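Q: As they're listed, the protein sequences go chains A and B. Each step along the first sequence adds one to the number in numbering that gives the first Met the number 0, with nothing skipped, and position 107 is 106. Each step along the second sequence adds one to the number in numbering that gives the first Met the number 0, with nothing skipped, and position 108 is 107.
It should be emphasised that the hints constitute simulated quantities derived from the structure, not laboratory data. Everything numeric in this text was worked out from a predicted model, so none of it was measured. Fair warning: there could be bad hints in the mix.
Listed next, the in silico BS3-like pairs over lysine-lysine satisfying Cα-Cα at most 30 Å (straight line) [unchecked claim]:
#1 B:Lys166 with A:Lys194
#2 B:Lys166 with A:Lys62
#3 A:Lys194 with B:Lys225
#4 B:Lys78 with A:Lys224
#5 A:Lys224 with B:Lys147
#6 B:Lys63 with A:Lys172
#7 B:Lys173 with A:Lys62
#8 A:Lys224 with B:Lys195
#9 B:Lys63 with A:Lys146
#10 A:Lys62 with A:Lys93
#11 B:Lys166 with A:Lys224
#12 A:Lys224 with B:Lys173
#13 A:Lys172 with B:Lys173
Below, each chain spelled out in residue letters.
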Amino acid sequence: MKQRYLTVVLAATGMAFAIATAWAAAPDANRGEQVFAACAACHSLEPNRSMTGPSLAGVWNRKAGSLASFPRYSTALMSSGIVWNDTSLDKWIKNPQQLIPGNDMPFQGIEDDRQRADLLAFLKQAAQSEHPPAQMGGMGGGEINLKTAGPEHLVRAVSYCRDTYRVTTSDGKTRAFWERNLRFKVDGSNGGPEKGVPGLVGAGSAGDRADVIFSSVEEISGFIKNDCGAQ
Amino acid sequence: MSHMSQAEMVATALVLCIAVSPAFASGGDAARGQRLFDNCAACHSLTPNRNMTGPSLAELWNRKAGGLASFSRYSDALKSSNIVWNDKTLDEWITDPQHLIPGNDMPFQGIKSAEQRADLLAFLKEATQPGHAPSQGGQMGGGDSNLKDLAPEQRVQAVTHCGDTFKVTTANGKTRDFWERNLRLKTDSSDDGPAKGTPALLPAGMMGDRADLIFAAPEEISGFIKPGC
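Assemble the whole structure, with the sequences as input and the hints as a guide.
A: Given below as structure tokens:
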């Protein structure tokens with residue numbers, strides 16, 4: 000009797016352990032979403048919203064290097080002949096340079112099988128969804144919609160004298176920047192600024208650096224006035 | 000005392016030495032101060048009139064606050080403070096800049112440790128004397144190299160803009176694609192800036208997918224970059 004009891008207990012324990020192991024091994028999309036934070040700096044999940052890398056919306060069964068709206072694929076990726084699916088994506092995020100040598104994605108890969116499984120579980124869901132999860136802004140910007148931004152972001156004038164830019168915004172404030180700390184950029188996307196109203200966005204380092212974002216390249220030189228009068 | 004072992008006496012002597020050493024340090028150790036200055040060097044040069052985010056600190060002692068003629072970005076607060084920089088005012092300044100001159104623009108919290116301030120000022124007082132500026136490591140804002148003397152991979156020959164992509168061709172014959180938001184157009188009109196008509200491409204972190212494109216003047220930018228796919 001005692002021996003049989005022990006057997007039952009051992010068997011039950013073994014089963015519980017097996018179930019726990021299987022649970023832990025099952026891909027978890029929630030954990031995968033956390034892993035995706037590292038990808039989100041360069042990849043959006045919104046259709047055709049490409050940043051440093053292409054949008055990942057609809058990536059399953061897409062041919063590598065074939066999203067028509069993304070113009071920056073490497074030749075290596077475009078000529079790889081790979082179609083993205085569970086197997087090829089797992090190999091890709093394990094070691095991109097091994098799967099497609101010479102591609103441009105600056106990512107080392109994820110060694111951990113479980114992290115890859117989690118990430119792919121999340122991606123497969125999110126990439127097929129009509130309503131991708133809201134993403135924190137990619138690091139390249141896009142956090143602020145410059146068409147609807149507040150007056151402190153709307154640039155009325157930029158003057159330039161020696162090594163200093165003075166940027167006047169719609170809230171009436173004028174700020175001085177060392178020229179090497181002010182970055183002129185262009186954003187022609189829907190989130191970009193209106194024509195003729197560049198956006199001023201802070202760029203870290205205690206507020207002494209900033210981006211002035213124009214709607215097109217042609218605007219830049221004409222908008223900035225050489226003027227030492229105010230200084 | 001008679002209860003003390005030899006080991007205890009040695010330990011006591013060591014403690015005494017350590018207790019005395021801060022008193023020595025109040026004179027300030029310039030070598031330690033130079034390492035602290037690394038934090039300042041991101042914004043302040045020691046070369047005369049080489050201004051970056053903040054003014055050059057060359058010949059700072061006995062200068063009126065906000066009084067360096069070649070620096071054009073002083074706050075009103077600093078200019079109207081009527082402070083003259085000396086041992087005492089500089090110590091108060093780096094203890095808590097916003098306390099000494101409320102509303103000034105220097106984004107620096109201050110240094111609480113009196114010993115660290117003494118070290119920093121010992122270094123600065125020496126290094127800001129005419130002709131004493133040590134060679135400085137690269138500053139964060141750039142300017143660490145002369146952009147008139149560019150390697151082929153930095154010397155930009157052509158830039159086109161198509162859709163959301165800049166294509167930058169350099170003198171080594173390579174053309175690189177950048178997402179438009181990853182390319183920062185800048186100017187550098189200083190002696191270290193690029194030659195007119197020859198902008199410089201400098202990598203800007205993030206694994207090489209971002210870069211600075213630095214022109215000699217803002218009027219060059221729109222003309223240099225050609226629309227075209």
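Q: Against this structure, judge whether each hint is valid.
A: Hints and how they fare:
1. Distance check on the hinted pair: Lys166 (chain B) and Lys194 (chain A) sit about 22 Å apart at the alpha-carbon level, within 30 Å; holds.
2. As the CA atoms of Lys166 (chain B) and Lys62 (chain A) are separated by approximately 24 Å, the hinted pair is consistent with the 30 Å bound.
3. For the hint pairing Lys194 (chain A) with Lys225 (chain B), the CA-to-CA distance comes to about 18 Å; that is within 30 Å, so the pair holds.
4. A hinted pair counts as satisfied when its Cα atoms are at most 30 Å apart, and Lys78 (chain B) with Lys224 (chain A) qualifies at roughly 26 Å.
5. With a CA separation close to 25 Å, the supplied pair Lys224 (chain A) and Lys147 (chain B) stays within the 30 Å bound.
6. Under the criterion of a C-alpha separation no larger than 30 Å, the hint pairing Lys63 (chain B) with Lys172 (chain A) is consistent with the structure, at around 27 Å.
7. A C-alpha spacing of about 27 Å is found between Lys173 (chain B) and Lys62 (chain A), which places the hinted pair at or below 30 Å, so the restraint holds.
8. For the proposed pair Lys224 (chain A) and Lys195 (chain B), the alpha carbon gap of about 18 Å is at most 30 Å, so the pair holds.
9. Restraint check: the Cα-Cα separation between Lys63 (chain B) and Lys146 (chain A) comes to about 44 Å, which exceeds 30 Å; the hinted pair is violated.
10. This hinted pair checks out: Lys62 (chain A) and Lys93 (chain A) have alpha carbons roughly 19 Å apart, not beyond 30 Å.
11. Between the alpha carbons of Lys166 (chain B) and Lys224 (chain A) the distance comes to roughly 27 Å, so the proposed pair stays at or under 30 Å and holds.
12. Restraint check for Lys224 (chain A) and Lys173 (chain B): the C-alpha separation of about 33 Å exceeds 30 Å, so the hint is violated.
13. Our distance criterion of 30 Å between C-alpha atoms is broken by Lys172 (chain A) and Lys173 (chain B), whose separation comes to about 42 Å.
In summary, the numbered hints that this structure violates are 9, 12 and 13.
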